[in-house]
Amino acid sequence: DAGITQSPRHKVTETGTPVTLRCHQTENHRYMYWYRQDPGHGLRLIHYSYGVKDTDKGEVSDGYSVSRSKTEDFLLTLESATSSQTSVYFCAISGQGGTEAFFGQGTRLTVV
Amino acid sequence: KQEVTQIPAALSVPEGENLVLNCSFTDSAIYNLQWFRQDPGKGLTSLLLIQSSQREQTSGRLNASLDKSSGRSTLYIAASQPGDSATYLCAVRPEAGGYNKLIFGAGTRLAVHP
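Just so you know, the sequences run in chain order B and L.
By this note's numbering, the letter at position 101 of the first sequence is numbered 101, and the numbering carries on one by one without gaps.
By this note's numbering, the letter at position 34 of the second sequence is numbered 34, and the numbering carries on one by one without gaps.
Since the hints were made in silico from the structure, they are not lab data.
Warning: the hint list may mix true and false statements.
[As the list claims (entries may be wrong)] Dumping the calculated PhoX-like pairs for lysine-lysine here, alpha-carbon to alpha-carbon at most 25 angstroms:
#1 K42(L) to K11(B)
#2 K68(L) to K1(L)
#3 K57(B) to K70(B)
#4 K1(L) to K57(B)
#5 K53(B) to K70(B)
[Said to hold, decoys possible] Some but not every residue of chain B turned toward chain L, in silico, with C-beta under 10 angstroms:
#6 Q6
#7 P8
#8 Y33
#9 Q37
#10 H41
#11 G42
#12 Y48
#13 Y64
#14 V88
#15 F90
#16 Q105
#17 R108
#18 V111
Note that the Cβ used here is the ideal one computed from N, Cα and C, for glycine as well.
Same shape as in the complex, but just chain B:
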């Protein structure tokens, strides 16, 4: 298995609170991604990173921010959690030149 660790694996939080999800990789891959998966919508890209301090928005980035200060860590922050952000969040990594992508085990986030 590719060395990707997401933390926490499960979290329940209250509306309006900030939440940070962490993705840690041991593969030294350049590209890292955050997706959310929802019934009826499939997997949708939130943000991605193409290097340390290099990030960009995906298709559903509103309400989310990311940071990548080290190659191995990619953080996803919900500035002020809302119920619509209840979802399963997946981190993914891939190498240079369109290589195979690998996914973490996911974080189930519930906003109450």
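With chain B's structure known, arrange chain L on it following the hints.
Just chain L now, kept in the frame of chain B:
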């Protein structure tokens, strides 16, 4: 805008059958296409990666083909087993943008019954 469609959405077959899952994409300008498997409550497991210059890839009982010009890929599963029950997702990596994004289909939910 690239869109990925998977047909059928769900499939139920008896053990031992050979089956085909379909994936189509609207823009043929892709770097590659990747097939994944997802078990309930779990992450995605990579099955096969086909580069745009390739026609097919094989791994065990799985064979994936790619017809880039027509925007189609198929995943062939031989001699299906109950352990193959899962959701199968295809994803394309567009050439445009250069950021190595993956765009996913909604998946095919497969049930193989004994």
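Status of the hints after comparison with the structure:
1. At roughly 16 angstroms between alpha-carbon atoms, K42(L) and K11(B) fall within 25 angstroms of each other, so this suggested pair holds.
2. A threshold of 25 angstroms between alpha carbons decides the hint, and for K68(L) with K1(L) the separation of about 16 angstroms falls inside it, so the pair holds.
3. The straight-line distance between the Cα atoms of K57(B) and K70(B) is roughly 19 angstroms, inside the 25 angstroms bound, and the hint therefore holds.
4. The hinted pair formed by K1(L) and K57(B) meets the criterion: a straight-line CA distance of about 16 angstroms does not exceed 25 angstroms.
5. Pair hint K53(B) plus K70(B) holds up; C-alpha atoms about 8 angstroms apart against a cutoff of 25 angstroms.
6. The beta carbon of Q6(B) comes within 8 angstroms of a beta carbon in chain L, closer than 10 angstroms, and the hint placing it at the interface holds.
7. About 15 angstroms separates the beta-carbon of P8(B) from the nearest beta-carbon of chain L, more than 10 angstroms, and the hint is not met.
8. Below 10 angstroms, beta-carbon pairs count as interface contacts, and Y33(B) has one with chain L at about 7 angstroms; its hint therefore holds.
9. For Q37(B), the shortest C-beta to C-beta distance to chain L is roughly 9 angstroms, which falls under 10 angstroms, so the interface hint holds.
10. This hint holds: H41(B) has a C-beta 8 angstroms from the nearest C-beta of chain L, less than the 10 angstroms allowed.
11. Hint status for G42(B) relative to chain L: holds, with the closest Cβ pair at about 4 angstroms, below 10 angstroms.
12. Evaluation of the Y48(B) hint against chain L yields a held restraint, the C-beta minimum of about 6 angstroms falling below 10 angstroms.
13. For Y64(B), the suggested interface contact is broken, since its CB lies about 16 angstroms from the closest CB of chain L, more than 10 angstroms.
14. Hint on V88(B) holds. Least Cβ distance to chain L is approximately 9 angstroms, under the 10 angstroms limit.
15. Interface hint at F90(B): satisfied, since its Cβ lies 6 angstroms from the closest Cβ of chain L, which is below the 10 angstroms cut-off.
16. For Q105(B), the interface hint holds, since its Cβ comes within 10 angstroms of a Cβ in chain L; the closest pair sits about 4 angstroms apart.
17. For R108(B), the suggested interface contact is upheld, since its CB lies about 8 angstroms from the closest CB of chain L, less than 10 angstroms.
18. Interface restraint check for V111(B): the shortest CB-CB distance to chain L comes to about 19 angstroms, outside 10 angstroms, so the restraint is violated.
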